[in-house]
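S.K.: What follows is each chain in one-letter form.
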Amino acid sequence: METLKQMFKNNIRQYGMLIALAVIMIFFQIVSGGVLLRPLNVTNLILQNAYILVLAIGMLLVIVAFHIDLSVGSVAAFIGALAGVFMVTWKMNFIAGIILSLVIGGLVGAWQGWWVAYLKIPAFIVTLGGMLIFRGLTMVTLNGTSLSPFPEGFQKIASGFIPDFFGGKGIHITTLIVGVIATIIYIFYELMNRKTQKKYNFEVVPMGFLIAKIVLISAAVNLFTYSLAAYKGIPNVLILLTILIAIYTFVTTKTVVGRHIYALGGNEKAAKLSGVKTQRIVFWVFVNMGVMSALSGLVFTARLNAATPKAGNGFELLAIASCFIGGASTAGGIGTVMGAIIGGLVMGVMNNGMSLMGVGIDWQQAINGMVLLLAVAFDTFTKSKAS
Amino acid sequence: MSDTISEMKNITKTFPGVKALNNVNFKVKDGEIHALVGENGAGKSTLMKVLSGVYPHGTYTGDIIYKNKVCEFKDIKDSEALGIVIIHQELALIPYLSIAENIFMGNEQAKSGVINWNDTITRTRELLEKVGLEESPKTLITNIGVGKQQLVEIAKALSKKVKLLILDEPTAALNEDDSENLLNLLLEFKKQGISSILISHKLNEVSKVADSITILRDGATIETLNVEKDQITEDRIIKGMVGRDLVHRFPHRDVPVGEIMFEVKNWNVYHPLHEDRKIIDDVSFNIRKGEVVGIAGLMGSGRTELAMSIFGRSYGKKFSGQVFKNGQEIFPTNVNKAIDNGIAYVTEDRKNYGLILIDDIKRNHSLVNLKKISKNYIVNENLEILEAENYRKKLNIKCSSILQKTVNLSGGNQQKVVLSKWIFAEPDILILDEPTRGIDVGAKYEIYTIINQLAAEGKGILLISSELPEILGMSDRVYVMSEGKITGELSREDASQEAIMKHVINQKQGVM
Numbered sequence: 000m001e002t003l004k005q006m007f008k009n010n011i012r013q014y015g016m017l018i019a020l021a022v023i024m025i026f027f028q029i030v031s032g033g034v035l036l037r038p039l040n041v042t043n044l045i046l047q048n049a050y051i052l053v054l055a056i057g058m059l060l061v062i063v064a065f066h067i068d069l070s071v072g073s074v075a076a077f078i079g080a081l082a083g084v085f086m087v088t089w090k091m092n093f094i095a096g097i098i099l100s101l102v103i104g105g106l107v108g109a110w111q112g113w114w115v116a117y118l119k120i121p122a123f124i125v126t127l128g129g130m131l132i133f134r135g136l137t138m139v140t141l142n143g144t145s146l147s148p149f150p151e152g153f154q155k156i157a158s159g160f161i162p163d164f165f166g167g168k169g170i171h172i173t174t175l176i177v178g179v180i181a182t183i184i185y186i187f188y189e190l191m192n193r194k195t196q197k198k199y200n201f202e203v204v205p206m207g208f209l210i211a212k213i214v215l216i217s218a219a220v221n222l223f224t225y226s227l228a229a230y231k232g233i234p235n236v237l238i239l240l241t242i243l244i245a246i247y248t249f250v251t252t253k254t255v256v257g258r259h260i261y262a263l264g265g266n267e268k269a270a271k272l273s274g275v276k277t278q279r280i281v282f283w284v285f286v287n288m289g290v291m292s293a294l295s296g297l298v299f300t301a302r303l304n305a306a307t308p309k310a311g312n313g314f315e316l317l318a319i320a321s322c323f324i325g326g327a328s329t330a331g332g333i334g335t336v337m338g339a340i341i342g343g344l345v346m347g348v349m350n351n352g353m354s355l356m357g358v359g360i361d362w363q364q365a366i367n368g369m370v371l372l373l374a375v376a377f378d379t380f381t382k383s384k385a386s
Numbered sequence: 000m001s002d003t004i005s006e007m008k009n010i011t012k013t014f015p016g017v018k019a020l021n022n023v024n025f026k027v028k029d030g031e032i033h034a035l036v037g038e039n040g041a042g043k044s045t046l047m048k049v050l051s052g053v054y055p056h057g058t059y060t061g062d063i064i065y066k067n068k069v070c071e072f073k074d075i076k077d078s079e080a081l082g083i084v085i086i087h088q089e090l091a092l093i094p095y096l097s098i099a100e101n102i103f104m105g106n107e108q109a110k111s112g113v114i115n116w117n118d119t120i121t122r123t124r125e126l127l128e129k130v131g132l133e134e135s136p137k138t139l140i141t142n143i144g145v146g147k148q149q150l151v152e153i154a155k156a157l158s159k160k161v162k163l164l165i166l167d168e169p170t171a172a173l174n175e176d177d178s179e180n181l182l183n184l185l186l187e188f189k190k191q192g193i194s195s196i197l198i199s200h201k202l203n204e205v206s207k208v209a210d211s212i213t214i215l216r217d218g219a220t221i222e223t224l225n226v227e228k229d230q231i232t233e234d235r236i237i238k239g240m241v242g243r244d245l246v247h248r249f250p251h252r253d254v255p256v257g258e259i260m261f262e263v264k265n266w267n268v269y270h271p272l273h274e275d276r277k278i279i280d281d282v283s284f285n286i287r288k289g290e291v292v293g294i295a296g297l298m299g300s301g302r303t304e305l306a307m308s309i310f311g312r313s314y315g316k317k318f319s320g321q322v323f324k325n326g327q328e329i330f331p332t333n334v335n336k337a338i339d340n341g342i343a344y345v346t347e348d349r350k351n352y353g354l355i356l357i358d359d360i361k362r363n364h365s366l367v368n369l370k371k372i373s374k375n376y377i378v379n380e381n382l383e384i385l386e387a388e389n390y391r392k393k394l395n396i397k398c399s400s401i402l403q404k405t406v407n408l409s410g411g412n413q414q415k416v417v418l419s420k421w422i423f424a425e426p427d428i429l430i431l432d433e434p435t436r437g438i439d440v441g442a443k444y445e446i447y448t449i450i451n452q453l454a455a456e457g458k459g460i461l462l463i464s465s466e467l468p469e470i471l472g473m474s475d476r477v478y479v480m481s482e483g484k485i486t487g488e489l490s491r492e493d494a495s496q497e498a499i500m501k502h503v504i505n506q507k508q509g510v511m
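Chains as they are written, first to last, in numbering that gives the first Met the number 0: chain B, 0 to 386; chain W, 0 to 511.
Don't read these hints as lab results, they were simulated from the structure.
In this text, all values refer to a predicted model and were calculated from it rather than measured experimentally.
There are no misleading hints in this set.
Cut-off 16 Å, straight-line C-alpha distance, at most; resulting in silico cross-link-like pairs (EDC-like, lysine to aspartate or glutamate): (1) Lys276(B) to Asp339(W); (2) Lys198(B) to Glu386(W); (3) Lys189(W) to Asp2(W); (4) Lys194(B) to Glu380(W); (5) Lys268(B) to Asp348(W); (6) Lys271(B) to Asp339(W); (7) Lys350(W) to Glu267(B); (8) Lys228(W) to Glu31(W); (9) Lys253(B) to Glu380(W); (10) Lys197(B) to Glu380(W); (11) Lys253(B) to Glu383(W); (12) Lys198(B) to Glu380(W); (13) Lys316(W) to Asp280(W); (14) Lys198(B) to Glu383(W); (15) Lys66(W) to Asp77(W); (16) Lys393(W) to Glu425(W); (17) Lys277(W) to Glu482(W); (18) Lys197(B) to Glu383(W); (19) Lys28(W) to Glu227(W); (20) Lys160(W) to Glu107(W); (21) Lys271(B) to Asp348(W); (22) Lys238(W) to Glu222(W); (23) Lys207(W) to Glu175(W); (24) Lys501(W) to Glu488(W); (25) Lys393(W) to Glu456(W).
If we strip away everything but chain W, and leave its shape as in the complex, we get (with noise of 0.2 Å):
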């Protein structure tokens, strides 16, 4: 066993309706680099942070043994005393302080109070010179770019004594030279006996370093492949991602698709603050009538964005580009406009973008629409409860009444109210960003059923996932989204967990 830094045995973590971890394990070997895989909400995370202490001892079941000892982490300074360190994916650093400031953040080098810079200021060139980062210490973090923050991430890690670095998808925000470089550093820490683990959806870069590769998917271990001695392609890892039974975990739909009903021409977005970043890169689609048209795509790929800047230029700035409905050209330049021409957007971010949770249900319900149920601008508030009671019963939104508060429901139910605000506009277009994100597998289904009901009625559907199962089992048509463009477009027949991963590393490997 001494060959085993760290192992996690049959862990289980579960959060209000959803259970996140079902009985993983998992082990790392000492002075290997152990990746990490899995679809988005795998479990990947939350793992990581059930090791790291994040999610203290007593939140999960199941045991830790660290160095051959159960580990009960209370937080995360634990277990940084034992030499684990996570470095999410957000980064953690504070912005207007120096490099120097941020490596010795909580862990000051400092007598009595007092902190001693002269000290701190070594220090702090010694983890640099580790790390190869040229940036003098008192450079402030925000005047610095992503991929040397992230290397200031590690140097914190260093300072910390660390002798297993846990990082959480470490490359998605770098760019090619940036994540080589950041590898390599990697590849040296492991000759120094500092074990890693790399939460990566790059496949390329999981193959070319990691010593194993453990696949999680719904919450449970997959299997653990050896690197040396299975053969290793990234279609067997895709494949092990991937795979489930997707019948009867999605409602039945047969709609027929009617003509062209909602078509986006050669759209371009600039970031809003870094007008030179191109968010969105010359996106065409069209959706028909009737259909469930899905985005597929990993975080960060632009879908979002791409519905907001849709949605009234909600977000970004430099727009280019056409929107067409029923063949005319619109121009949905703010929300009102986007409304007034039959587009909804249900947010991904239900409780900062969607509600007002402070208020109750009815009140959600009718903001959008508030037209419908007033004369000369004044609300009847009669009307409002009855059309608001009327689709709680029609959405099954589970509540004491439609006084209650929106904070106070669950996220299946919360997402529901979201949908009826949306569904009582009256929309022709309906775009859902992550429709079903965090909620449980029941509420799941009786929204698919919404979204078929929708499409029955002949509305156009924009689904954005990042569940691919769920775009399979929805979408009469997938397109894939990388890195701010449409990379891909399938039929339902020819859309497959394979082939829409394809398409989306192909993209980040820069092979078209």
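Next comes chain B alone, as it looks inside the complex (with noise of 0.2 Å):
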């Protein structure tokens, strides 16, 4: 029982913020009187933020390795703008334009990379640098104006939806489906990892707990899938989000290079003395954080369905703000890409919810700098008690 009260009190920051957000939604459900969670707004939910959660999946991995990147909107604003030379005026087959602009985006992260891991330039100069750089290279791509229309296959990566196989009438029968052999997966899931925790003998949840866990977590997926399934299915946007998370949570809690990450944020010069290679790890990163940022221009590109020069304006701290509020320390080597994830939610569903209210897009700004703040003095307070 020490062992699980451990592990919980290592995560008490993610528990924290994972109750917080549920609250945040009840509140809104009931203040914007059922609003929140109608199936129309669910989807808006998502479609809404999930350019600023592809940049914040690539902005732990920099922060948990105790860097920054202050470049990622404006890389995303010129991937956008390359992007509509390639397809709008060149008029490339999107799938070729697509891969690279991925490819260019990795580029850009690279020559960052570089600067920041080998020349040992600080990264806060180097990407403030950047966001200069590539936000002006933007504006000479587009020459001041927009580029639209985008192909139609294009579009549906940020407004389309899977097709409905079974041609359900009101109803998406394909989104009730999936939610349910995603159901099936994680119950599975749940139960071979208690197997084999048993079979090297340790400590396992109270099967209790564990059948509480997977009631609420299932009920939470299904009503998710059931709320998408009554307006139009699942985004196709959700789809790439999803798997970017799995990948994401994969690589930072199950490979060495995870391990390594962190172990570098953490301490860089034991991680060095430990065979960690620090220098390339950093390259990477930030190369990763690169396609990360063209990802999400192409996101917000197909969204408009237009390249402009001022897309992605504050996207990065929108970005870093996520990962600080979901619990990653300021000082490196400590982070979780679920907890990017919740806490870019928690801004989205309460300007969401505002919005719902009525309140002005100039006080959401001013709470969401509460939030952030709030939320970090939170964690230096339990953390310092703790100590």
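The two chains are supplied separately, each in an independent frame; assemble them into the complex guided by the hints.
M.R.: Okay, structure coming up:
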């Protein structure tokens, strides 16, 4: 039981934010008179926040490695602009255009990573420079105007939904089935996990707890998919997000590379003396961030159906705030992908809820700032109490 | 009593788990130079930090009597107000400010917050003249050498109307001329009625300038010698500093020593920034199978630099020399290659270089050898827990669980985690740099036991330590290092504290 307590204690921040997210959702659900969780609004929530969440995933790695990337908004805009040139001006096939854009995103990341990792220029400076450089290049590329329209296939990334193979009327049956399959996979995973833990003679969560957890999560998943099904089904971009979350959660928690990123962020000198190739890892974390910025830029451009010079303004700050609200440490070495997603959703839901209540964008921004401050302050206080 | 400027009575100071000072008595006469000697860790610096208020009243027990008054210093300002000034081993100057700015740091010549620069510069000139430093007051600290920086520190002390000057190893980083200069300055101050306390390892200096010598050992006063009355020789001082019962402090080891398994030949390393400064000078040594080889020497003699430069060139520049393992030349040019070649380096600075403090025990434990618990670069966390748990029991790491963060462990247990991590890496050669620094006696014994087990498994161990008893109690063979060179090699039979100190000190005096 001691081990389990410790485990809970180590993750208290994440559970805390999850509970906070639930409370915020319930609050706005009530004050908005049930509009918040209406099928249309749930779908909108996802479509509005997807590009920030994509950035938050990449940013989480950067922050865990004890760096920062201020350029992601500008890079997203720059890649959006290039995508516009490829697909609108040059009429390139949209799949080729996407691949080319992602590759360029990776090169942008490599450029910044090289300065940070090998030349030891502080990431704050390199990416502050990058923020200006790529915003400038965006304007150069677009010549001050917008580019549109994009091919239909490309727009579908951000605004399309998965097709319903069963032709349900009024309800999207495929979506419901996906929800059920996801639930089954989840239950199977939990039980397998329990079995291996028993095999190793570890303490396991009491069966009662496990069942309660499974019921709660299954209910949440199916309610969510039901709500989506009642509108147009699962948005394509949600599939993309789910895959990204799964991959990055796996990489950060289960792989050697993931361990090395956390070790490097926690104590670079000790990590280096333990054989972690610190420079190489920082370099690749930035390359990854570049690709994620590109992806975010593509999703945003597809949603607007236009490449505009002002795209991505302030994205970097939202992505960074998501990570910190979600429990990442400003001193590096601590943070989870799920946490960053929850942090992003906390802000997304609050903004959406406030919009529903008629709170203006001005107040929304101020309140977002307060949330960031309070979340990190809470973290600092609980930590100083613990030690 | 009027000829006594300061007296410390029954001073006891404890740090978590360690008694640093135990009932120390220390008396300085007015207008004398009083030397304070003892091994590293004997408590000299701690005692001086108590005297100067770095450790405020209440954190220790005992009395400080200064000029016949009992003093309770709350901080260093209190003691400075009475004319007690301490100059620490690491100079506390700000590199990108000028000499004048540094001298009057915290004591600015100002009226209602506005600095009077003319006044500052004039007074700085006067002070610099007193210490014999010919530099413009506007010169930046970073542009003058260590010797001159030391003089700036002293000028700073003079600006505070010093009556009792405490110098902690002032000549450790100085060359002959600068040291000479500084000692003459102390003699000059003595004439002006300023008393000094001089902490030094260089016994030739001590016997040259000191009027009295107090010897500390293991946090207790051993004796105070009067230079005029007692016939003082360096041997006499060394004898006071060392010589204690070594029986039972070290577990017995009976391991047959095998053939040479690790050898370093003609190893040279230069300073990473000042590339003309040689840090390691033509060092050759070897380690046999199952052997514990000690490296003795003072702090700053290049021991850590030697170890780190061999361990994947983690320190220094412009390396030359050869490394052999089992007769074959190996090239551990980076940390990974060193680890792959079976070398492990357990750092002296476990908090900054050894542990990821915000991570738990198990993650720290597995960091070096994630390979062993992963398949296709995917970590098997269950196996990781099993292994960490296994080592926790084996090394007797006291913790609530292996999920406890290492920042919350005691020093001894942190050290065990660092050891467990490197033993888990399955090395053949372990370089242990001050493996028992800052940990209590009980934990020390456990770590010695672990070292013996490793030797029994046929590993070669290089033990770097500033504590001579530890070196003598644990090593099969001892190398003495001084100023980047190996100045002596002693077998277990020949090794004694006196013999080691002689090798250290001879080198310091330039007598080979």
